[in-house]
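Dock chain B against chain A, hints included.
Protein chains: 2
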Amino acid sequence: MKKHNFSAGPCILPQEVLLKASEAVLDFNESGLSLIEISHRSKPFVDVMEKARALALELLNLEGRGYKVLFLQGGASTQFLMVALNLLEKRAGYLNTGTWSDKAINEAKIYDDIYEVASSKNANYNYIPKGYEIPTDYDYFHCTSNNTIFGTQMKSFPKCSIPMVCDMSSDIFSRQLDFSKFDLIYAGAQKNMGPAGTTLVVIKEEILGKVSRHIPSMMDYKVHINKSSMFNTPPVFAVYTSMLTLDWLKNLGGIAAIEKENEKKARLMYSEIDLNPLFKGFSAKEDRSYMNATFSLVNEDLKETFDTMWKEAGINGLNGHRSIGGYRASMYNALSLDSVKALVEVMSELESKA
Amino acid sequence: MKKHNFSAGPCILPQEVLLKASEAVLDFNESGLSLIEISHRSKPFVDVMEKARALALELLNLEGRGYKVLFLQGGASTQFLMVALNLLEKRAGYLNTGTWSDKAINEAKIYDDIYEVASSKNANYNYIPKGYEIPTDYDYFHCTSNNTIFGTQMKSFPKCSIPMVCDMSSDIFSRQLDFSKFDLIYAGAQKNMGPAGTTLVVIKEEILGKVSRHIPSMMDYKVHINKSSMFNTPPVFAVYTSMLTLDWLKNLGGIAAIEKENEKKARLMYSEIDLNPLFKGFSAKEDRSYMNATFSLVNEDLKETFDTMWKEAGINGLNGHRSIGGYRASMYNALSLDSVKALVEVMSELESKA
Numbered sequence: 000m001k002k003h004n005f006s007a008g009p010c011i012l013p014q015e016v017l018l019k020a021s022e023a024v025l026d027f028n029e030s031g032l033s034l035i036e037i038s039h040r041s042k043p044f045v046d047v048m049e050k051a052r053a054l055a056l057e058l059l060n061l062e063g064r065g066y067k068v069l070f071l072q073g074g075a076s077t078q079f080l081m082v083a084l085n086l087l088e089k090r091a092g093y094l095n096t097g098t099w100s101d102k103a104i105n106e107a108k109i110y111d112d113i114y115e116v117a118s119s120k121n122a123n124y125n126y127i128p129k130g131y132e133i134p135t136d137y138d139y140f141h142c143t144s145n146n147t148i149f150g151t152q153m154k155s156f157p158k159c160s161i162p163m164v165c166d167m168s169s170d171i172f173s174r175q176l177d178f179s180k181f182d183l184i185y186a187g188a189q190k191n192m193g194p195a196g197t198t199l200v201v202i203k204e205e206i207l208g209k210v211s212r213h214i215p216s217m218m219d220y221k222v223h224i225n226k227s228s229m230f231n232t233p234p235v236f237a238v239y240t241s242m243l244t245l246d247w248l249k250n251l252g253g254i255a256a257i258e259k260e261n262e263k264k265a266r267l268m269y270s271e272i273d274l275n276p277l278f279k280g281f282s283a284k285e286d287r288s289y290m291n292a293t294f295s296l297v298n299e300d301l302k303e304t305f306d307t308m309w310k311e312a313g314i315n316g317l318n319g320h321r322s323i324g325g326y327r328a329s330m331y332n333a334l335s336l337d338s339v340k341a342l343v344e345v346m347s348e349l350e351s352k353a
Numbered sequence: 000m001k002k003h004n005f006s007a008g009p010c011i012l013p014q015e016v017l018l019k020a021s022e023a024v025l026d027f028n029e030s031g032l033s034l035i036e037i038s039h040r041s042k043p044f045v046d047v048m049e050k051a052r053a054l055a056l057e058l059l060n061l062e063g064r065g066y067k068v069l070f071l072q073g074g075a076s077t078q079f080l081m082v083a084l085n086l087l088e089k090r091a092g093y094l095n096t097g098t099w100s101d102k103a104i105n106e107a108k109i110y111d112d113i114y115e116v117a118s119s120k121n122a123n124y125n126y127i128p129k130g131y132e133i134p135t136d137y138d139y140f141h142c143t144s145n146n147t148i149f150g151t152q153m154k155s156f157p158k159c160s161i162p163m164v165c166d167m168s169s170d171i172f173s174r175q176l177d178f179s180k181f182d183l184i185y186a187g188a189q190k191n192m193g194p195a196g197t198t199l200v201v202i203k204e205e206i207l208g209k210v211s212r213h214i215p216s217m218m219d220y221k222v223h224i225n226k227s228s229m230f231n232t233p234p235v236f237a238v239y240t241s242m243l244t245l246d247w248l249k250n251l252g253g254i255a256a257i258e259k260e261n262e263k264k265a266r267l268m269y270s271e272i273d274l275n276p277l278f279k280g281f282s283a284k285e286d287r288s289y290m291n292a293t294f295s296l297v298n299e300d301l302k303e304t305f306d307t308m309w310k311e312a313g314i315n316g317l318n319g320h321r322s323i324g325g326y327r328a329s330m331y332n333a334l335s336l337d338s339v340k341a342l343v344e345v346m347s348e349l350e351s352k353a
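Protein chains in written order, with numbering that gives the first Met the number 0: chain A, 0 to 353; chain B, 0 to 353.
Next up, chain A with everything else stripped away, as it sits in the complex (with noise of 0.2 angstroms):
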């Protein structure tokens, strides 16, 4: 039976695609190989990553207007190091909003000087802060839109004048959002588009060109966008999931379709949080993430029959990470309905235990 999984990254991905990805690896398009044993350069492999950087422009709307898609190598904590690398000639502001803008601001302070336009540092991150000034002279500003640890995501973001950049590697393609207001976007996969192996950068051309230093190769947009995200050799096999994956998406309606079904989701799932006393929610109410609801009991005494009851029940991934305790219910986009209706029962079964 398949399991109900609330794994935090790397994560659920549609039945379908890992049908469709266990299938090439055997024989890839009935060409009597697998794609993982053909050259990246041959046709069959150039389709597919130039298919996967048309899809995730057109499902963000961002077609025509400047962009450019890369399937990079090294995740989002490569990205943090990237983006200062690129971007960074003088200063650059940060919101802080949990454990990974953390982390970028601590790559990125290697180079230049970093200001922290703000942070809800001392409240463990529970809430976003808002109501900062980004300067207007700096060389960007950065946040991250949603933090996978605390559950806390950005529901909407400051007007900037400067370029803005975002890490989006726990909700992209999750919810409708005017994507052109930002200029560098950047998502390790293996959330909403695929295995872990790539990171999707989305990035405004103009924006590069404009730092003093030397960029070494591997580490220069500029040099990825010419080589057509083909550089060296590509993660393959990620590239493929995340095609078919971003497909899938195209195909169910897009993001304006994937956005309802993770609002019922997130719905009903904080709205159990709230209504059984025996658990309380983690984040300030209007911050609350739509893809990972993080919560804790009341009274710790229940964990042991609350935590058989959901593995009894076929859960998967629901501890909470170390850094907050409790439990965390990732509810990525190809986490059904279903699921999530299976944990509410058990958590109001808890309640009418208890």
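Think of the hints as simulated: they come from the structure by calculation, not from any bench. Please note: incorrect hints may appear among the correct ones.
A pair counts as met if it fits within one copy or between any two copies, since identical chains are not told apart.
[Claimed, not checked] Derived DSBU-like pairs: lysine-lysine, alpha-carbon spacing no greater than 35 angstroms straight-line:
#, residue 1, residue 2
1, K42, K158
2, K67, K108
3, K19, K340
4, K263, K209
5, K249, K19
6, K50, K19
7, K108, K42
8, K221, K108
9, K263, K42
10, K42, K120
Relative to chain A, chain B alone:
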């Protein structure tokens, strides 16, 4: 029908590895979850990573000798940069034996002074330079063991009193060497180890920590070593499939066993190139690669006929690299002797026709 896959990389992998990898994408170890949708911090995946690291050390006979194994992202191209960032303080010596050596030199040059101890560039890299001196006061010496594009291979390695770094991307695990002579070995997975998307790094820990620069986290070998190659989400599928391939090799009898097979294949291939008057080899005989045989037709008029013939025989990936043209038969570990026999048969058929 499975093709005879002579692709230069990504390239042929053992069929049983493809079967197991394909299965794991659907259901990993009968867990009810795909390999690519479980947490990389879960015990089943941590076990995969640890097994892959242990197998690499065991096959290279480097257990208990101060070496650490990493599975990183970014390809050998990222290693060109990481080697310099982690080891280069004043000056390093590089042996230039082909396109990849040249790229390694260019990436390292960004930071400090590089000295080419020798180069075969003037002869379009058709041989391996010999008899050069390696300065004893340099930070390290770098070489490329096998040159995929030109079809040359280092049959012996120089005496070296400074740390020796070797890019073994295209011949690692293919022949017996005293690997303890090397202080840092790196190899993109996509030839003899697995799919594109991860890079093996085997490093003698004691050579680290000797440069004064600050190294960004993702570029710092020590950071990755301290986190057991899990500083950030690793490329799960590529690591798993590499583990399967290393396990396949171990069960076959390890490097000693595969070396014998590789010798048989190379002898058959080069014997046909030398004896068939229609063909000529590209590289110096004493430096011929056992992995990539480069050759061309003496009379280019036969090209169309020959190309049709090998394609009809179910052969794939025989075209030479654009730098030297002609043909390239890549005979990595997973290619069977039967595939080489099939190619040789076509070559001799052409001779009897002509």
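Status of each hint after checking the structure:
Taking identical chains as interchangeable, the C-alpha atoms of K42 and K158 are never at most 35 angstroms apart, the minima being 43 angstroms within one chain and 44 angstroms between chains. Taking the shortest Cα distances, K67 and K108 sit within 35 angstroms of each other both inside one copy (26 angstroms) and across copies (29 angstroms). Taking the shortest alpha-carbon separations for K19 and K340, both the intra-copy value of 27 angstroms and the inter-copy value of 34 angstroms come in at or below 35 angstroms. Neither within a single protomer nor between protomers do K263 and K209 lie at most 35 angstroms apart by alpha-carbon distance, with minima of 44 angstroms and 55 angstroms respectively.
In this homomeric assembly, K249 and K19 come within 35 angstroms of each other (Cα to Cα) both inside a single copy, at 16 angstroms, and across copies, at 30 angstroms. Taking the shortest alpha-carbon separations for K50 and K19, both the intra-copy value of 16 angstroms and the inter-copy value of 28 angstroms come in at or below 35 angstroms. Taking the closest pair of Cα atoms, K108 and K42 come within 35 angstroms of each other only across two copies (34 angstroms); inside a single copy the shortest separation is 41 angstroms, beyond that limit. When the C-alpha separation of K221 and K108 is checked against a cutoff of 35 angstroms, the pair qualifies both within a copy, at 22 angstroms, and between copies, at 19 angstroms.
Taking the closest pair of Cα atoms, K263 and K42 come within 35 angstroms of each other only across two copies (32 angstroms); inside a single copy the shortest separation is 41 angstroms, beyond that limit. In this assembly of identical chains, the alpha carbons of K42 and K120 lie at most 35 angstroms apart only when taken from different copies (31 angstroms versus 49 angstroms within one copy).
In summary, the structure is inconsistent with hints 1 and 4 from the numbered list given earlier, while agreeing with the others.
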